[in-house]
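Undergrad: Below are the chains, spelled out letter by letter.
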Amino acid sequence: MANEVCFRTLHLDEPWTLESYLSVGGYQSLKKILTEKIPAEDIIEQVKTSALRGRGGAGFPTGLKWSFMPRHSEGQKYIVCNSDEGEPGTCKDRDILRYNPHQLIEGMAIAGYCIGADTGYNYIRGEFWEPYSRFDNALKEAREAGYLGDKLFGSDFNFDAHSHLGGGAYICGEETALLESIEGKKGQPRFKPPFPAGFGLYGKPTTINNTETLASIPVIVEKGAQWFLEHGKPNNGGTKLFSVSGNLKRPGNYEIDMGTPFSELLEMCGGMKDGYKLKAVIPGGSSSPVIPGEQMMDVTMDYDSIQAAGSMLGSGAVIILDDNVCMVNALARLSHFYQEESCGQCTPCREGTGWISHIMHRIEHGYGKQEDIDLLDKVAGDIMGRTICALGEAASMPVKGFLKDYRDEFQYHIDHKKCMVGPGSK
Amino acid sequence: MPQANNELINTASREDIDQWVAKYPADKKQSAVMAALRIVQDQNGCWLTTELMDAVADYLDMDKIHVYEVATFYSMYEHKPLGKHKICVCTNISCMVCGSGEIVAHLEDKLDIKMGETTEDNRFTLKEVECLGACSGAPMMQIGENYYENLDAEKIDTILDGLK
Ligand SMILES: Cc1cc2nc3c(=O)[nH]c(=O)nc-3n(C[C@H](O)[C@H](O)[C@H](O)COP(=O)(O)O)c2cc1C
Ligand code: SF4
Ligand code: FES
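Read top to bottom, the protein sequences are chains A and B. The first sequence: position 322 = 322 (our numbering), numbered continuously. The second sequence: position 133 = 133 (our numbering), numbered continuously.
I should point out that these hints are in silico values taken from the structure, not numbers from a laboratory. There's no promise every hint is true.
The calculated SDA-like cross-link candidates involving lysine to any residue, where the alpha carbons are at most 20 Å apart (straight line), are [said to hold, decoys possible]: (1) A/Lys273 to B/Asp152; (2) B/Lys23 to A/Gly146; (3) A/Lys140 to B/Val21; (4) A/Lys418 to B/Gly101; (5) B/Lys127 to A/Trp129; (6) B/Lys23 to A/Glu180; (7) A/Lys185 to B/Asp152.
Reference listing, derived: stretches of chain B covered by chain A, where coverage requires no fewer than 3 residues with Cβ under 8 Å from a Cβ of chain A [stated by the list, open to error]: (8) 33-43; (9) 62-70; (10) 83-95; (11) 139-150.
Note that beta-carbon positions come from the ideal geometry of N, C-alpha and C, so glycine has one too.
Put together the whole structure using the sequences plus the hints.
TA: Dropping the structure here:
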């Protein structure tokens, strides 16, 4: 069955209203925790058992992350939700905000309870006006109904949340850049350590989680860790939202069990549009290495399986490349993106992303030199491991991936000054 | 240099900014700078002037330089006048695969301008943007607060004709 967790209101008429959310059991998990006084440690244990891993891209175990917080120490702490959703291919958090905002609020409140925070911020990318309005309205509804505020459900727990709108910068999805941005600064990632659990927003202990991660929490509490775990497989718990894009009959967001074969997901999307053949798949957002289509047909959609195939589940953005796509054009576009979005703090990333983009432009437009292919590989390799944040890696991995399986298309561009496939080949 | 005059920010904008200021701790007014810049940009039509940025600095007790840094770091702040409707076209990977090239060509052709330019009558500006997080609706564009997805030439004509 699909749509059982983050999308559980999707079948309803106006899925985003408080009324809709209450009709599927909304805010009952928070109520149960607070009225039965379930210790935070127990909830954190449940989240660990559920094998929920961060849905923002890195896949870090959520329960473990929460356990790093000094929850018993005095003073302000924060829970921050990352709705910056900028990784090309990814469009799932937008639909959680649009169609099930209350579940995210409940998830933030439960997270706040677990880490000892009474305040949450949801960082929503600036272009997401409709999702922001839905979320903000939901905050209002929740406050009026007493699901946010002081002494929730008669307990000692106070919690309120606010939204913060971004201004158009992919790098603000990186968690420490995001904190800088909330503080009203340029979104430049911080050097780590210290980690946010010790020194986060305004210098206070902070946990940052992705929208989908937090929106999954109320259902884990309601149905139990085991239920969630069994929807996936060991170490890869739960259901997952996949944003599928490309020339498919029914592209869209699909919430399915972790471990579902890719071939089944493709079927849910109605298969390829008439006249298009599957060529390759970028399985986890633009930063994840591309996998040839045939190989992908044997992969299941979970962290471990996609990693074994040489890529990453990342944000769950499944970008379908068809037989009309020239891999040189595709990588040139992505390289341009990373150059544009590098914040410029680290020389290897700033210069390296510029260089990659420049070389790719050259090859794409027929000025490529034979040595360029090896040069690309080297420049990409030289960025990795030498930067403050993971954008450097994010820019390098696609280069390595495209060169590994599609080197012939790069060679063809250099030899014939045009594309090997697609409209550009004529 | 004359002191920035925060009278430049009108009452409605100030009320709006104050609501954002209230979300953050009392001594962290600077957190509202992104919202404040967006609000005064909207008040001014579609772009920021130095005077407006200075007024924001004044209003939030910030150094001007820190306001300029923010205003130039994020792509949604504009520093020169644009057409009445800013058309942001995504050309990133999913949109590219689904034909954003043809969308761009159609828009450039129809409006008789290139990406980054404004029509002579100041009605439209075309802007190329990175992924806007609506990839399964590719190809897509944003005009004002609205997203338009699954575009084709015909749909674009209808959308543009419907704009005031
Ligand atoms: C360049 C870059 C961009 C990122 N963009 C996002 C994003 O848009 N949304 C997100 O949730 N995480 C993003 N991340 C990952 C965050 O840094 C962080 O790991 C995540 O929000 C943690 O939440 P999770 O553990 O629930 O996944 C990005 C990381 C990098 C390096
Ligand atoms: S790796 Fe790139 S984006 Fe990340 S901090 Fe360094 S320069 Fe900025
Ligand atoms: S690639 Fe165009 S909206 Fe994501």
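Undergrad: Each of the hints needs a verdict: does it hold here or not?
TA: Status of each hint after checking the structure:
no., hint, verdict
1, A/Lys273 to B/Asp152, "holds (16 Å)"
2, B/Lys23 to A/Gly146, "holds (18 Å)"
3, A/Lys140 to B/Val21, "holds (17 Å)"
4, A/Lys418 to B/Gly101, "holds (17 Å)"
5, B/Lys127 to A/Trp129, "holds (18 Å)"
6, B/Lys23 to A/Glu180, "holds (16 Å)"
7, A/Lys185 to B/Asp152, "violated (39 Å)"
8, 33-43, "holds (count 5)"
9, 62-70, "holds (count 4)"
10, 83-95, "holds (count 5)"
11, 139-150, "holds (count 4)"
Checked against the numbered hints above, the structure breaks only hint 7 and satisfies the rest.
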